[in-house]
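Start from chain A and add chain B with the ligands according to the hints.
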Amino acid sequence: MERVLHTYKITKYFYEPEKFKVLNEIDLTVYKGEFLSLVGKSGCGKSTLMYVLSTMDTDYEGELEIAGTRVTGKDQNFLAAFRNRHIGFVFQFHYLLPEFTALQNVMIPALKLGHYTREEVESRAYQKLETLGVKDQALKNASKLSGGQQQRVAIARALINDPDIIMGDEPTGNLDSHNSNIVFDILRELSQNFHQTIVAVTHDEEFARRTDRVVEMSDGRIIS
Amino acid sequence: MKLVLEIAYVHLVAKPKQTIVAMLGVTFGIGMFIALVGLMTGLNDFTEDVSMTSSPDIHIYNDITAERTSLLDEFNYAGFNVVHHQKPKNESAKLRNALQMVETIREDQRVYGAAPYIVSQVFYNYGPVQLNGQIFGVDILEESKLFDLQSKMKSGRMEELLSNQDGIIVGTGLARKLNAVPGDRVVITTPQGYTMSLKILGTFQMGLGALDNVRAYANIGTVQTILQENQTYITDINIKLKDRSLAKAMAADYQQMFSYKSEDWETANATFLTGVIIRNIITYAVSFTLLIVAGFGIYNILTMTIYNKMKDIAILKAMGFAGRDVRLIFLIQALVIGLIGSLAGLLIGFMLSVLISRAPFEGGDVVSLDHFPVNFDPLFYLIGIVFGVVTTTVAGLMPSRKAAVVDPIEIIRGQ
Ligand SMILES: Nc1ncnc2c1ncn2[C@@H]1O[C@H](COP(=O)(O)OP(=O)(O)O)[C@@H](O)[C@H]1O
Ligand SMILES: [Mg+2]
Chain A
2 MERVLHTYKI TKYFYEPEKF KVLNEIDLTV YKGEFLSLVG KSGCGKSTLM
52 YVLSTMDTDY EGELEIAGTR VTGKDQNFLA AFRNRHIGFV FQFHYLLPEF
102 TALQNVMIPA LKLGHYTREE VESRAYQKLE TLGVKDQALK NASKLSGGQQ
152 QRVAIARALI NDPDIIMGDE PTGNLDSHNS NIVFDILREL SQNFHQTIVA
202 VTHDEEFARR TDRVVEMSDG RIIS
Chain B
16 MKLVLEIAYV HLVAKPKQTI VAMLGVTFGI GMFIALVGLM TGLNDFTEDV
66 SMTSSPDIHI YNDITAERTS LLDEFNYAGF NVVHHQKPKN ESAKLRNALQ
116 MVETIREDQR VYGAAPYIVS QVFYNYGPVQ LNGQIFGVDI LEESKLFDLQ
166 SKMKSGRMEE LLSNQDGIIV GTGLARKLNA VPGDRVVITT PQGYTMSLKI
216 LGTFQMGLGA LDNVRAYANI GTVQTILQEN QTYITDINIK LKDRSLAKAM
266 AADYQQMFSY KSEDWETANA TFLTGVIIRN IITYAVSFTL LIVAGFGIYN
316 ILTMTIYNKM KDIAILKAMG FAGRDVRLIF LIQALVIGLI GSLAGLLIGF
366 MLSVLISRAP FEGGDVVSLD HFPVNFDPLF YLIGIVFGVV TTTVAGLMPS
416 RKAAVVDPIE IIRGQ
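In order, the protein sequence lines correspond to chains A and B. Taking our numbering, the leading residue of the first sequence gets 2, the next gets one more, and so forth. Taking our numbering, the leading residue of the second sequence gets 16, the next gets one more, and so forth.
Hints were generated in silico from the structure; no laboratory data involved. Ideal Cβ positions, reconstructed from N, Cα and C, are used throughout, including at glycine.
Listed next, the in silico DSSO-like pairs over lysine-lysine satisfying Cα-Cα at most 30 Å (straight line):
{"id": "1", "chain 1": "A", "residue 1": "K145", "chain 2": "B", "residue 2": "K326"}
{"id": "2", "chain 1": "A", "residue 1": "K145", "chain 2": "B", "residue 2": "K17"}
{"id": "3", "chain 1": "A", "residue 1": "K20", "chain 2": "B", "residue 2": "K326"}
{"id": "4", "chain 1": "B", "residue 1": "K417", "chain 2": "A", "residue 2": "K75"}
{"id": "5", "chain 1": "A", "residue 1": "K33", "chain 2": "A", "residue 2": "K10"}
{"id": "6", "chain 1": "A", "residue 1": "K42", "chain 2": "B", "residue 2": "K326"}
{"id": "7", "chain 1": "B", "residue 1": "K326", "chain 2": "A", "residue 2": "K22"}
{"id": "8", "chain 1": "B", "residue 1": "K326", "chain 2": "A", "residue 2": "K141"}
{"id": "9", "chain 1": "A", "residue 1": "K145", "chain 2": "B", "residue 2": "K32"}
{"id": "10", "chain 1": "B", "residue 1": "K326", "chain 2": "A", "residue 2": "K75"}
{"id": "11", "chain 1": "B", "residue 1": "K17", "chain 2": "A", "residue 2": "K75"}
{"id": "12", "chain 1": "A", "residue 1": "K13", "chain 2": "B", "residue 2": "K326"}
{"id": "13", "chain 1": "A", "residue 1": "K141", "chain 2": "B", "residue 2": "K17"}
{"id": "14", "chain 1": "A", "residue 1": "K136", "chain 2": "B", "residue 2": "K17"}
Only some residues are given here: those of chain B computed to face chain A with a beta carbon under 7 Å:
{"id": "15", "residue": "L18"}
{"id": "16", "residue": "I330"}
{"id": "17", "residue": "A333"}
{"id": "18", "residue": "M334"}
{"id": "19", "residue": "G335"}
{"id": "20", "residue": "A337"}
{"id": "21", "residue": "I424"}
If we strip away everything but chain A, and leave its shape as in the complex, we get (with noise of 0.2 Å):
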């Protein structure tokens, strides 16, 4: 099986206010197509190793691949173009730019890629934004959406670059069951129907149970 992201031995340390060892050597390999969670105690380091992963914490030991290319090391402005074109994200808050419309949220990583015309990349937000079933919000401002509309607009905008893999940390932590459901929904189906690679961070056990692979952290490490 193709694999889409592998760690060796990530090690991280934080020094303040003390010395301590909030990753230790944690080994782990995604698969394409695979939707995985990570769970495990408040405090164990899921948000710090998603940062790792996602490059955009370059601070720690050991080695990062993802897509096939080996992260670790890289500059900033190589990973800052690498994000763009290979990872997508799903934060627990709905992070949008709330000046821009719904649609032009989603265009943004797209017009950074270039890979595309502008009218290409807008036809391509407007499918991402129907599949997400929230076409009908496309022009509206952002800021004017509700929880669960704004993280369907982010999941879309996650989505707009085909990326290699999609990384949530706790994409339903802050939605009310409803939407909880929806998003998780829509992420099962992405998983199943266009074999989107998937790691996301959650603390719901239901959610959990749901997807294709579990794994368990605890202080640091990976424990099943």
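Chain B with the ligands alone, transformed into the frame defined by chain A:
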């Protein structure tokens, strides 16, 4: 690049009030700069123009008040001598061989013209009142060549002087004080007691009260008579050069050559030129201060914007915008504020300048002016816009750099 521009644009229009306030700061600074510098240099140029056209590039005369060695020094040259309150010797101010000097000077290729003249202090008798003044004995054609007297004539014909040994041309201010018009006769008295009746042939206006209120021109012969001197009596030579900047060097040469005092225009007008420099310094200092203040305004507003946009910056970076893209987004905002603010400033400055130049202004006796002279030199507009854009860019640089190094994890985790 286009995307970065679009994002910068959205940021700018999302907070229109803030953007406009920042722009107004620049507009005010540049507008004041244009208006101030236009007025100041306009005044400078005007006064420089009138005083330069009415003063020679080089003036040669016999400086009888110059320091000289005392008799005591001559006899007791080895001793330590103190001569208290030494006065000038009673020697003639006459330039020996003046006309030959003039010929020599005129042969010089660099010289535009040389005019010999003499001056007499006189009192103009106006009924019981005596007005103080001077009569210049000149070769009127050469004088006109040097100082463009022809175009300064307000009434009468300058050439009439050539055929009138008792004629004078008086300044407009003096004519007004004497209540005289061409054709009238005026009686003058010299400090030595010589009295003569002269006929006014015309009036001139140089534009400087200091001249127009006291000066009159007559033939050299006439003034020689008034002074009761012979026909070789010439005390001064005025010289105009083709290139004024050579004056200093040439004045030194002439002093060497003729051993008479030879003064260039820069030395003669030193106080006036110092005034010009001081006015320029004040203009630039005030404008610069205004722009610095505007720069701080932009710095503040950008810093605030960036602080409010931390989340956006984190999202952009997470989505694949590099630090340099983020920096560009905010630098563009500073540039747009600077550019539009400066352009508006140029417009405001121009309109202010037009208003000032139309405002009635009475120059009084000092200068003949009826409105402010304002300089519309495009160079100032160029300086203004460059200055405005550079200040805002510099002010935007620091906050933009701060935005570029924002760590997205800190923002995202902080929530
Ligand atoms: N910037 C930081 N500096 C120091 N300690 C941190 C920092 N961020 C997180 N931590 C600590 O690291 C541990 C793991 O945090 P985190 O990865 O956010 O846990 P989780 O997401 O699993 O709840 C926690 O004990 C937390 O207090
Ligand atoms: Mg967490």
